[in-house]
Amino acid sequence: MNELPQQLVNGLLLGSMYGLVAIGYTMVYGIVQLINFAHGEIFMVGGFGALTVYLYVLPDGTSMWVALPLMLLGAIIVSVLTAIGAERFAYRPLRGAPRLAPLITAIGLSLALQQAVWAWYPGGEDSLNFPQIEGGPFEIGSVTIQTGDIFLFVVAPISMAILAYFVMRTRTGRGMQATAQDPDTAKLMGINTDRIIVIAFALGAAFAAVGAVAYGLKYGQVQFRMGFILGLKAFTAAVLGGIGNIYGAMIGGLALGIAETLATAYIADIPGMHQFGSQSWADVWAFVLLILVLLFRPQGLLGERVADRA
Amino acid sequence: MTALLEVEDLRVAYGKIQAVKGISFSVEAGQIVTLIGTNGAGKTTTLRTLSGLLKPVGGQIRFNGKSLKKVPAHQIVSMGLAHSPEGRHIFPRMTIEDNLLLGAFLRKDKSGIEQDVQRAYDLFPILGERRKQAAGTLSGGEQQMLAMGRALMSRPKLLMLDEPSMGLSPLMMQKIMATIAELKAQGTTILLVEQNAQAALSLADRGYVMEVGNIVLSGSGQELLHDESVRKAYLGED
Ligand SMILES: Nc1ncnc2c1ncn2[C@@H]1O[C@H](COP(=O)(O)OP(=O)(O)OP(=O)(O)O)[C@@H](O)[C@H]1O
Ligand SMILES: [Mg+2]
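These protein sequence lines are chains A and B, in that order.
Numbering follows full-length UniProt numbering, with no gaps: position 207 of the first sequence is 207.
Numbering follows full-length UniProt numbering, with no gaps: position 173 of the second sequence is 173.
With the rest of the complex left out, here is chain A:
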């Protein structure tokens, strides 16, 4: 039985991966009130982008320390292009249509992307091994960071800091906030809201791609369906934190990761619950949490609004 600090760190690491993917849901929702259910697949194709760089672009036997930054770049390029294409050709034509239309499109797109990888990626019908970093595990005090998690440990906080800086401090970031809060008035300020929407899709995809590389390293494989459960979890994280709020996505991700890890670790200790502590129940606890949040705090943890006084 692991002790609590170790479990908390495991939970934070898992949660930061959820958070990275959750950003895309929340950014797009915040700006166009669309739940981009294809976002899980935008995450998935990023994983394949990274793998492609490793398998088909770099020479055999390239050290992971050299390969990883390039794989990350490949992941980001593939995810971002997919997201921009989805926005341009699937969602933009439906802007102003009833809400159900883009939602159905998103689900269709999600299946299409899965099937495309399944059919056309060499060996894509099975799980493909993802290259691993050598060395580790790493000891920090009494806590162990697994080799596959070290990427998350380093990159997740950096990514979140970059995002926060971008949104709060840059001109485009301010334009993004304005567009989320009042799109018509944002136009009056001279903000090209169409461009902001593309940027939101692209940024969300870039963070999902970082998440996908983290996923490959953590679980050692990528697979055409990997975006389904992870996408749902990240969506849960976004709702948990308060959809539309980027800090909410991060916090929701971390909270979900911790809750899931602690549930898996400790629920079996509760008398009569021993059969519910296995890893396969972790997903169930994640979605139980989603349902509880929707019931008792539908606006999420940070979803409180400053009233727009009439």
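Hints are computed from structural coordinates only; laboratory data are not their basis.
For every residue, glycine included, the Cβ atom is placed at its ideal position computed from N, Cα and C.
Among the hints, erroneous ones may be present.
[What the hints assert, rightly or not] Here are a few chain B residues that face chain A, going by a calculated C-beta distance under 10 Å:
id : residue
1  : Ser51
2  : Ala73
3  : Ser78
4  : Pro92
[What the hints assert, rightly or not] EDC-like, lysine to aspartate or glutamate: derived pairs with alpha carbons at most 20 Å apart:
id : chain 1 : residue 1 : chain 2 : residue 2
5  : B       : Lys70     : A       : Asp194
6  : B       : Lys69     : A       : Asp184
7  : B       : Lys66     : B       : Glu28
8  : B       : Lys21     : B       : Glu6
[Said to hold, decoys possible] One-sided excerpt, in silico: chain B residues whose CB lies under 8 Å from chain A:
id : residue
9  : Leu53
10 : His74
11 : Val77
12 : Pro85
13 : His89
Dock chain B with the ligands against the given chain A, drawing on the hints supplied.
Leaving out everything else, chain B with the ligands in the frame of chain A:
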């Protein structure tokens, strides 16, 4: 000399409902022009069309010699036309300072922007005191000041104000009207939509009276102020 803004036979519809039915008016540089009229007359619709937020069904809009009909909304402000919308529409979850900076979104002159932020704080000291506060926490009147300050941040040639006195106390109302006069003195041209016809007409060089999508009367501010039908309909006299 042609006018700064010329509107000709402008028609705007929401689906099948015609809200503006072919109006023509003009605004000369340096003037204050007011549009008054009953609720639902089409004043806000007119301003939103000038800003590009609504597409006209027909007619012409020429601003500073250029047609605005094909210009997307987000490019209008860079041509020198700023709009403080009805109901203020400040960005509630951003700070007062960020709201002002958004008004200067397309400007690149950092020092000029800083000066203008300071000018907004001089004009409305309460905004300076609260600069780091979320704009949504301001009172209605304070939000109105912010909306006006924000519109000025683009250094517009023509400032459109849609009911700047809405929900303000008489004192605040006077201050807003004095600010409008001051802006005119500094050379800003203003198109003012107001419910308070008395105040608007007293300030205005020219006024237009709208009723259900049409302009039914026009004249100098003083003429309209003394017009019998205007006094009856808008100044509450019988
Ligand atoms: N989004 C909309 N959809 C349909 N009809 C609208 C819409 N906005 C305004 N209208 C209608 O267009 C007409 C003109 O409205 P508008 O807001 O321009 O009037 P207004 O003169 O600004 O009135 P007020 O003084 O009350 O602000 C009204 O009949 C209104 O009901
Ligand atoms: Mg109006």
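Status of the hints after comparison with the structure:
| no. | hint | verdict |
| --- | --- | --- |
| 1 | Ser51 | 6 Å, holds |
| 2 | Ala73 | 4 Å, holds |
| 3 | Ser78 | 6 Å, holds |
| 4 | Pro92 | 4 Å, holds |
| 5 | B/Lys70 - A/Asp194 | 16 Å, holds |
| 6 | B/Lys69 - A/Asp184 | 17 Å, holds |
| 7 | B/Lys66 - B/Glu28 | 15 Å, holds |
| 8 | B/Lys21 - B/Glu6 | 16 Å, holds |
| 9 | Leu53 | 5 Å, holds |
| 10 | His74 | 5 Å, holds |
| 11 | Val77 | 4 Å, holds |
| 12 | Pro85 | 6 Å, holds |
| 13 | His89 | 4 Å, holds |
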